[in-house]
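S.K.: Sequences listed follow chains L and H, in order.
Be aware that the first sequence starts at 1, since it is given in the UniProt record's numbering, and climbs by one per residue.
Be aware that the second sequence starts at 1, since it is given in the UniProt record's numbering, and climbs by one per residue.
Certain hints may be false.
Computed footprint of chain H on chain L, listed as stretches where at least three residues anywhere in the stretch have a Cβ under 8 Å from a Cβ of chain H [what the hints assert, rightly or not]:
hint, region
1, 108-119
2, 176-190
3, 213-220
4, 295-308
If you're looking for bench data, these hints aren't it; they were derived computationally from the structure.
Backbone N, C-alpha and C define an ideal beta-carbon position, used for all residues, glycine too.
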Amino acid sequence: MLGWFKKKPKKNVQEDSAGRSELAREDIEDDKSESAAQAEDVLISEEENKSVASIAVREHAPETARSKPSEKNGGLFSRLKEQLAKTRNSIVSRVDALFLGKKVIDPELLDELEEILITADLGVGTTHELVESVRAKVDRKELSDPQVLKRILKEKIAGFLHSSDQKAELVMPAKGPFVIMVVGVNGVGKTTTIAKLANKFLKAGQNVILVAADTFRAAAVQQLQIWGERIGVHVVAQKTGADPSSVVFDAFDYAENKNVDVIIVDTAGRLHTKVNLMEELKKIKRVMAKKIPDAPHEVLLVIDATTGQNAVSQARLFSEAVDITGLALTKLDGTAKGGIVVNICRELTIPIRFIGIGEQMDDLRDFNADEFAEALFAEGES
Amino acid sequence: MFDNLSDRLNKVFKDLRGHGKLSDKNIQDALREVRMALLEADVNFKVVKDFVATIAEKAVGQQVHSSLSPGQQVIKLVQEELISLLGESTKYLELQGKSPAVLMMVGLQGSGKTTSSAKLAVLLKKQGRRPYLVPADVYRPAAIEQLQILGESIGVPVHPSQTEQDPVTICKNAVIVAQNSDYDTLLIDTAGRLHVDEELMGELGNIKSAVQPAEILFVADAMTGQDAVTVADKFNQDLNISGVILTKMEGDARGGAALSIARVAGRPIKFIGTGEGLDALEVFHPDRMASRILGMGDVLTLIEKAEEVVDKKKADKLAQKLKKSTFTLEDFLDQIQQIKKMGSLEQIMGMIPGLNRMKQLKDVPKPDEKELGKVEAIIRSMTAQERRKYQIIDASRRQRIAKGSGTQVQDVNKVIKSYSEMLKMMKKMQGKAGPGTVFKGKTKRKRPKGLSRR
């Protein structure tokens with residue numbers, strides 16, 4: 001889970017007046033409760049947490065808010081499960097159906113397993129690795145029960161998901177605004193993701209501005225501006241056709257004296273094979289670093305989850321150009337083939353930060369490998 | 001691992017070529033590679049299975065042609081199968097019947113419906129129709145503005161839709177407007193939606209019954225994975241689509257979606273989007289696509305493109321000049337401009353047979369469009385006299401030209417050097433081949449490219 005939405009309020013406890021931090025803290029707790037794995041975080045900051053909580057109770061009397069987290073916890077997780085139902089149906093249910101009534105693992109079963117995994121967009125390479133490891137075990141007579149096979153499969157997949165996991169906190173700057181540059185091919189949902197992301201930061205009590213550096217596509221600037229209005233965030237923009245680097249420069253200028261915590265930069269969609277457009281992206285990045293050293297702190301690549309194996313190629317080429325530090329996978333609710341998530345985790349060492357599982361504002365979720373694997377393999381109860 | 005489909009298949013066939021006779025094992029090996037290549041290219045699993053089975057069956061029962069090596073025979077088989085998979089023959093839009101003819105663009109979010117609508121409008125306008133763009137996406141912020149801006153830039157009127165309106169009403173109104181204003185083709189750009197969103201799918205059904213479209217085009221992203229089939233199938237079931245537009249084909253997507261959708265939905269692919277420019281929409285030709293997949297190049301499209309931009313009279317004049325060795329820097333400039341008109345260099349190179357197979361070319365930096373621009377600027381900064389007689393360009397003139405074109409003296413030197421070498425080459429050619437052969441024209445067209453790479 002990300003630490004992005006917590007850090008600022010913690011600092012506030014120490015430095016600022018409490019007003020802003022209470023609200024923020026509540027949100028953090030909601031955030032935390034999303035996953036049991038966050039327990040440590042709570043412990044780490046327990047002391048300040050207590051004080052904030054007490055202030056919050058005193059001044060805002062949010063008794064309702066007290067009881068909310070647990071409710072929300074169940075709600076959020078079940079929503080994740082529900083939205084991933086299709087993915088689960090495609091992998092797990094079919095695996096279940098495959099194993100139903102089977103007592104032994106024979107070559108036919110393994111072939112069918114291969115088919116299921118490939119049709120889930122797991123990719124030929126990943127599928128091979130999975131199936132071959134199982135096959136080897138069967139050959140060595142270490143494995144004969146199909147039910148055990150399922151467990152092994154789950155562990156392996158969870159292992160892939162974990163392999164690329166990285167702490168998101170590492171990319172946060174010690175001081176100054178946190179700059180996120182959002183890139184991706186055309187039509188993956190960059191602008192929408194940015195709006196949802198900004199909303200997330202906003203809820204955590206952070207001061208966000210958006211930068212409309214997609215000056216190429218018709219009405220892209222307006223699209224971001226409309227989102228800005230809806231969630232109440234300032235959007236720095238020039239007119240379509242302007243040099244994106246100059247928009248970024250302007251935005252950083254604007255942010256300088258305004259106590260901005262987070263700057264999210266929207267760039268034009270571009271195919272990763274267009275050398276010249278990738279050069280433009282490099283330039284935007286260079287300009288950022290001139291104005292704020294170390295910026296952008298996060299280069300977020302947005303990938304459409306319905307994309308097939310090309311997603312890996314996208315991630316690779318964008319990485320070569322601008323060093324991607326995180327991924328956001330969108331439209332996971334529409335696809336029955338969330339397998340690409342696993343494939344990306346295995347092929348690349350870039351951590352997945354967010355997954356988009358629906359059209360609502362809070363359907364942009366922090367990616368949690370455990371939770372994802374759990375939801376993927378949860379028994380069909382939803 | 002990330003070779004594209006053509007590369008993979010080429011490798012298989014290279015191995016096959018060595019064999020005088022195909023054994024069962026050869027065929028099995030080759031088919032296994034074909035299968036893997038197709039799967040990695042995101043072709044749907046079931047489609048791959050059928051495809052490989054068909055080829056295996058035919059390959060075994062194949063009569064031995066004396067003129068073809070066994071390897072070539074398999075290639076031929078694969079090509080034939082690919083063509084049939086892709087829909088056999090080219091299918092065009094069918095806009096006869098009542099006027100105004102209505103086209104509906106449908107598809108997932110971000111597949112490229114709005115851009116494709118504008119591109120299609122450009123194409124229809126070229127054919128002499130009077131298109132009318134109707135934005136019916138009231139959900140995505142600024143979607144209507146996007147189409148309005150695009151419409152303005154291509155000179156096609158756009159229906160003044162409002163986000164508060166109901167999409168069905170918008171479409172009904174647009175039809176009435178079209179009838180009154182004498183537009184003969186309506187292009188409805190609907191909102192992107194998930195195929196599982198029953199409510200929004202229902203809305204599409206309502207629009208369909210309200211306007212009775214002549215064509216419903218399903219717009220799909222060429223990079224879509226195994227799910228492409230499910231989505232296309234659902235849209236087809238609900239709306240009975242009449243054709244498919246595949247977008248973002250210029251990337252390194254391996255075109256698997258094209259194969260799968262054509263087969264599973266049983267609907268022809270009618271257009272492919274090949275670039276960000278508003279004229280980058282091509283009619284889809286199954287046979288050419290198959291050649292492209294197999295790395296055989298696409299000479300037909302290349303010739304068509306060349307014919308579109310090359311002025312016959314100018315070409316004749318040029319041949320005359322070549323004969324008399326009066327090819328000046330000005331003609332050189334003309335050539336460059338013609339090449340630029342044909343599209344991006346990358347696109348052109350992709351269509352030349354065999355070029356994509358040359359490994360050494362892959363590592364060479366891609367010819368930069370800007371380089372061509374530079375050459376153009378340099379030549380434009382010369383005086384008329386200099387252009388006619390390059391020998392008079394001395395050091396101080398070179399400096400002036402460099403300044404005038406915003407380049408370095410070295411760049412100017414490079415241009416002059418390649419031009420003078422080209423002249424030399426031409427003289428030599430004239431010595432060998434008779435003047436005015438077709439061959440000559442071709443060589444010339446190639447030179448500026450070599451120049452830009454140097």
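S.K.: At a Cβ distance under 8 Å, does chain H reach at least three residues of the region 213-220 of chain L?
M.R.: holds (count 5)
S.K.: Under 8 Å between beta-carbons, do enough residues of the region 108-119 of chain L, three at least, approach chain H for the coverage claim to hold?
M.R.: holds (count 3)
S.K.: Taking a Cβ-to-Cβ distance below 8 Å as contact, does the region 176-190 of chain L have at least three residues touching chain H?
M.R.: Coverage by chain H holds here, the residue count being 5 at a Cβ distance below 8 Å.
S.K.: Given that the region 295-308 of chain L was listed as covered by chain H, double-check it with a C-beta distance under 8 Å for 3 or more residues.
M.R.: Contact hint for the region 295-308 of chain L vs chain H: holds, 4 residues under 8 Å.
In terms of the numbered hints stated before, the structure departs from none.
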